[in-house]
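All chains should be built: construct the whole structure from the sequences, respecting the hints.
The lines below spell out each chain.
Number of protein chains: 2
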Amino acid sequence: MRVLITGGAGFLGQALTRDLLQRGRLRGADGSDQPIERITIVDAAAAPQLRDTDRIMQIAGDVTDRATLESAVDTDTSAVFHLAAVVSGQAEADFDLGMSVNVDGTRTLLDACRARGHRPRVVFASSVAVFGGDLPPVVLDTTPLTPQSSYGVQKAIGELLVSDYTRKGFIDGRSLRLPTVTVRPGKPNAAASSFASGIIREPLNGEVSICPVDRATRMWVISPETVVRCLVAGHDLSSEALGHDRSVNLPGLSVTVDEMVAALERVAGREATERIHWQPDPRIVRLVDTWPGSFEPARARALGFPEDGAFDDFVRAYMAGR
Amino acid sequence: MRVLITGGAGFLGQALTRDLLQRGRLRGADGSDQPIERITIVDAAAAPQLRDTDRIMQIAGDVTDRATLESAVDTDTSAVFHLAAVVSGQAEADFDLGMSVNVDGTRTLLDACRARGHRPRVVFASSVAVFGGDLPPVVLDTTPLTPQSSYGVQKAIGELLVSDYTRKGFIDGRSLRLPTVTVRPGKPNAAASSFASGIIREPLNGEVSICPVDRATRMWVISPETVVRCLVAGHDLSSEALGHDRSVNLPGLSVTVDEMVAALERVAGREATERIHWQPDPRIVRLVDTWPGSFEPARARALGFPEDGAFDDFVRAYMAGR
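Residue numbers (the numbering used here), protein chains in the order written: chain B, 203 to 524; chain C, 203 to 524.
Everything labelled a hint here was simulated from the structure, so no lab data went into it. Please read these numbers as outputs of a predicted model, since none were measured by experiment. Do not rely on the hints blindly, as some may be mistaken.
Copies of one chain are not kept apart here, so a pair can be met inside one copy or by any two copies together.
Dumping the calculated SDA-like pairs for lysine to any residue here, alpha-carbon to alpha-carbon at most 25 Å [as the list claims (entries may be wrong)]:
1) K370 <-> E272
2) K370 <-> D306
3) K370 <-> T266
4) K389 <-> P482
5) K370 <-> L337
6) K370 <-> P484
7) K370 <-> G291
Quick look at the structure:
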């Protein structure tokens, strides 16, 4: 089988690509494991780190461009991971860009998948940002979507499209609502949640990190290793196991920023945590405060999605991977 | 003030137009009643019945055409009623047409409203079809949207857009989830719910009507008179009264098809009900069965939306209006 990963040159896309190359197989629609022959990556720029493998084809292009996506999906493309997105802070700052990439891009991809008529399995990376506003203390699988950010609205629209394209038999879709992924390597990005990696990563690298939210802010987080395993698990689930509800709240860890910092101090000492400066940014606080900090992901557990352990392990995993 | 009504040449649009002409005023953003200077109607074809009034301007055009909508919205257009839509049965049969009119058309309208920068009040006619699947016996204001028809998905996307455009300050939007409107005059249409008018209207006009669903099918219905009053009430609500939740389940009447037929018999006798032929249509049954038949519209009641009486009155109102 062939695999398509949009946003495949990003951090998560590269991690998923490496994982898929290593495991070498995914479950097919008939329930049997099938070897991965090729992974096609569509992203704005190529990832040089992935260039050498003969099983990888990189297409530099825009997910809003129909011709690009049609060239990337053929009838052997039975697995599609849709990770390409404009992140939360950027979607809030540039409304039209967010609508274009997050809504039109998703629709263009789904139409490209539909055009071949072979009903590929599509894993859509949605987000806990589809929840917002007057939320219960713990979000349940039955909690209504009331997003209070453009990013969350755009992801909710993507979920509705995935659901209806699936119901119509155009694709076999599944939307996974990703918790905040931390600790991400590299540089800060325009996601409002960027600090959730920064306050761990920068101090461990001897750099100062500015935390723009209050210590009491509660977040629903997942490690990079576990989120990749969840994407694969979400793909490998049978259509029957999901039924007509195609959206799943992924398991995560509910931690306050204070608890994240305490874990950093336990693992790397006070000299690390002293590099965190506290400087509230109302623009980021407003977005992050609308997101839920705690879930009861009963359905994901029943479906067998993997879960993280303690946050100390998040810190150690980042240190080990540097 | 100026008023824009998309789909204004349709049955509901004409009824709303007549009501607005008669009342002559709507509430402005400052809470005071303001005289209606002009009503602009955008629809595929003009309504000859409305042509004579000098307060009405009709534009024959497509809601997916940006230039048409931009010509219809000026900075004096402070009230917009968005009724134009591809109905449920047609949206299910022609997926791309439904996406185009119901999603792209709504977005094009909202962008035209946003372009002027004057934050008009927009009343979006959504539908109880945003609910579906495994529903509780009585739908509450907190029940999640899980539409199981393309029409319902497209209306749910419209609601998300109305909500986010409002939050961003582009418009002052409100989405009203309309029950099935009955008894509509005229001919059957491509709505899966068309029979809910047909089984009353045709027998009263001495014609045979085919009922495509089971007698036990429960529906959430509203009369044409009341839905027009709800559209006006939804417009006149202050932005503060709605808060950040911009979607309202309208009040309705929960009746089975059997109860509707019994009302027809009470009002018009057995000779009317004998004109109903029972012939199940799986395509219609499948859509109608996903829609909820009963609500507890607590929020709409608290907000003061008007309500219907008994279904016998629906029958009498149609007879009086012929």
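Violated constraints from the hint list, given by number and in increasing order: none
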